[in-house]
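Residue numbers (the working numbering), protein chains in the order written: chain X, -9 to 382; chain G, -9 to 382.
Treat the hints loosely; a few may be bogus.
Just so you know, same-sequence chains aren't split out, so a pair can sit in one copy or run between any two.
Stated by the list, open to error - Distance condition first, Cα-Cα at most 27 Å in a straight line; then the derived DSSO-like pairs of lysine-lysine:
| id | residue 1 | residue 2 |
| --- | --- | --- |
| 1 | Lys11 | Lys255 |
| 2 | Lys11 | Lys297 |
| 3 | Lys253 | Lys11 |
| 4 | Lys76 | Lys297 |
| 5 | Lys215 | Lys297 |
| 6 | Lys215 | Lys253 |
| 7 | Lys44 | Lys369 |
| 8 | Lys215 | Lys320 |
| 9 | Lys11 | Lys34 |
The set of hints was computed from the structure by calculation and includes no laboratory data. Source: prediction; values computed, not measured.
Number of protein chains: 2
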Amino acid sequence: MINDFIYDIPVRVYFGRDQLKNLGSELKKYGTRVLMTYGGGSIKRIGLYDKVVKEIKDAGMELYELSGIEPNPRIDSVRRGAQMCKDHNIDVLLAVGGGSTIDATKFMAAGALVDHDPWDFMDYSKQAPIERALPIVTILTLSATGSEMDTGGVITNPETKDKNGRLAPALLPRASFLDPTNTFTVSPYQTACGAADMMSHIIEVYFNLQDDLYMLDCFMEGLMKTIIRFAPVAMKEPENYEARANLMWTSSWAINGFINGGKRKAWSCHPMEHELSAYYDITHGLGLAILTPRWMKYCLSEATVSKYVQFGVNVFGIDPSLPPMEIANKAIDCLSDFLFGTLQLKRTLPEVGIDEEHFATMASKAVGGDTLHGFIDLKQHDVEEIFKMCMK
Amino acid sequence: MINDFIYDIPVRVYFGRDQLKNLGSELKKYGTRVLMTYGGGSIKRIGLYDKVVKEIKDAGMELYELSGIEPNPRIDSVRRGAQMCKDHNIDVLLAVGGGSTIDATKFMAAGALVDHDPWDFMDYSKQAPIERALPIVTILTLSATGSEMDTGGVITNPETKDKNGRLAPALLPRASFLDPTNTFTVSPYQTACGAADMMSHIIEVYFNLQDDLYMLDCFMEGLMKTIIRFAPVAMKEPENYEARANLMWTSSWAINGFINGGKRKAWSCHPMEHELSAYYDITHGLGLAILTPRWMKYCLSEATVSKYVQFGVNVFGIDPSLPPMEIANKAIDCLSDFLFGTLQLKRTLPEVGIDEEHFATMASKAVGGDTLHGFIDLKQHDVEEIFKMCMK
């Protein structure tokens, strides 16, 4: 049975090289006082900062700035931003950066309109409602998380070692500027981590035994083929526009909700990875790359093999006449070769400095205390087993 | 070079069997007085009319009705609807039907807010601006034109024998209800015509030599494979939900603008077909089916063959090791077999009662008096040649 769903993604996307000329008119729709948020200095190095400031000034707007948003963004940055919005009566937030900057900005925009601590949004025991947020516009500089076109974000609380995600329609950006040339300076390693992140966003939805629309499966296969084709090109030729453009638009569509259709199963690798990066602050895409093939191996059975066959045949071109289990195992090998060979990502947890010390605690948190109802149901001991498979 | 583009499709889509419960709250966002538009009696026969009326009454709204919108909808229906909106101070229009009803409703919604004749919107010499329109909500009953999620519509003027299209962002529906069960009673013939229409919407964009995003080509191939797979199923098993659901969501995505990316070439078969149905009132999808393979044959050359190869290999699974021209011709044959074999559509213009009498005039109008800048440029004599190829 195909479930009902509601499709609703009213983000305007300005895609291409010459779109910044529309920034002023887009921002002015929402008022005159803009808070621009960003991370380290990379947007200054590539000259983007100056261009953005000029557009804002030319539009006659008042500019405030908040910089220093960290990778795996922290609740303190969110608190700081929410307070700035209140102090300066901000009308619109402009996030210039990758998923970390955009995620943090989303919760600043929501935090600006409430009296409580923004962590209450993220705290799973509180789940403070997010009914409104200040308008958010983004300028993307890293193709990975898809935050530029989705309703979610993930924030880390170093004190509690929590890395929690939250979705709310109010957090959807009003507009996003996707200029592939803004990703020309992304390093091969970060390009690879971004590709692994996108790949995981698709796999988390694609590997699902609920009936759904074939047309969405075709689309997901196309997105995965796009990543496989263009991530290595972008790593070798960082200024290849075609490669950067394909990866950029794919990052948005991998997670904006369209591919979900009526599927209702939870994701599996993301909750597991969030524990790894909450405890060890590793790069999200890298953690996903390490986990995903092991999780796929762990979930493979006669009951699930058909999905692996579809994946192997349609994405990697494996001969469909082979026995299903053989196709499935070959498909996992192809994915591993892509992640650890082509993308040159590290293959095991010890290689990124993670040992077994916190496996039990992290696994317990990943399953929310009991069961993770994903592609297959996972209990704490299942997740611990998957973590252990990542040790070698 | 990949062109810049703006993506902006803020339509909320309620997809599935049990969504009508959201109709009242959706309509009430826009006011209290609703004009419901529909065609013949089919929405009464399938029980949809009663359900819709009940939801509107339960929402406490005032209901006005305009029925009798014809296939290839005429400007007189538009005039009538626009006048009703003015007379009754309508707040929101609810189109219940297929593309004809929705198209007509769009121009009623625009016509309600201007003083001039609605045909001035369609008249290519006038192009009256469409800056505003009353809000439009749709309930789709036929998977074909994609009008439920796009900014366009096509209206016929029987007096002038014009069938003209117009696009304007203000015409985009605010919300569309896509319940595949509402298409269960669509006949095999109308299902086939709808499939041919969708197929053409994709081919018109896919066959393009401008550089664009590979991920969009993959998506288009997935949409075409979806139509090829499920149209015959829906013809044989009219109540097959999976088939109807795939066709329905594909109809929207075939033309909502996403697949266009940065492509700027005009369409070719649609302008030619609009002349056929303006002069002979044939079903749009049928006219497209007859024209498309001939147009493809006419455009095939060493300069264009690569696109046919991609199409043949990725959509029809033709052996990529064959010579390119052989793949291209096989691909056209596969498409013809699908349209005239699987879908059982008529193959030639004489079979639908069209002779050569108006070829010169229709060809001249199709190229807008001079040149149609599509996949390849077409002059009047080219279009006449393509029409002639459709004679046998």
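At 27 Å max between alpha carbons, let me know whether Lys11 reaches Lys255 within a copy, between copies, both or neither.
between (41 Å within a copy, 24 Å between copies)
Within, between, both or neither: how does the pair Lys215, Lys320 come out at a Cα-Cα threshold of 27 Å?
both (16 Å within a copy, 25 Å between copies)
Treating 27 Å as the Cα threshold, decide for Lys11 and Lys34: within, between, both or neither.
within (19 Å within a copy, 51 Å between copies)
Using 27 Å as the alpha-carbon threshold, which applies to Lys215 and Lys253: within, between, both, or neither?
both (22 Å within a copy, 21 Å between copies)
Given a CA cutoff of 27 Å, do Lys11 and Lys297 count as a within-copy pair, a between-copy pair, both, or neither?
Neither. Shortest intra-copy (45 Å) and inter-copy (34 Å) distances fail the 27 Å Cα cut-off.
Given a CA cutoff of 27 Å, do Lys44 and Lys369 count as a within-copy pair, a between-copy pair, both, or neither?
neither (53 Å within a copy, 47 Å between copies)
27 Å Cα cut-off: does Lys215 pair with Lys297 within a copy, between copies, both or neither?
both (16 Å within a copy, 18 Å between copies)
27 Å Cα cut-off: does Lys76 pair with Lys297 within a copy, between copies, both or neither?
neither (49 Å within a copy, 55 Å between copies)
When Cα atoms must be at most 27 Å apart, do Lys253 and Lys11 count as within-copy, between-copy, both, or neither?
between (39 Å within a copy, 20 Å between copies)
Of the numbered hints given earlier, the model fails hints 2, 4 and 7; all others are met.
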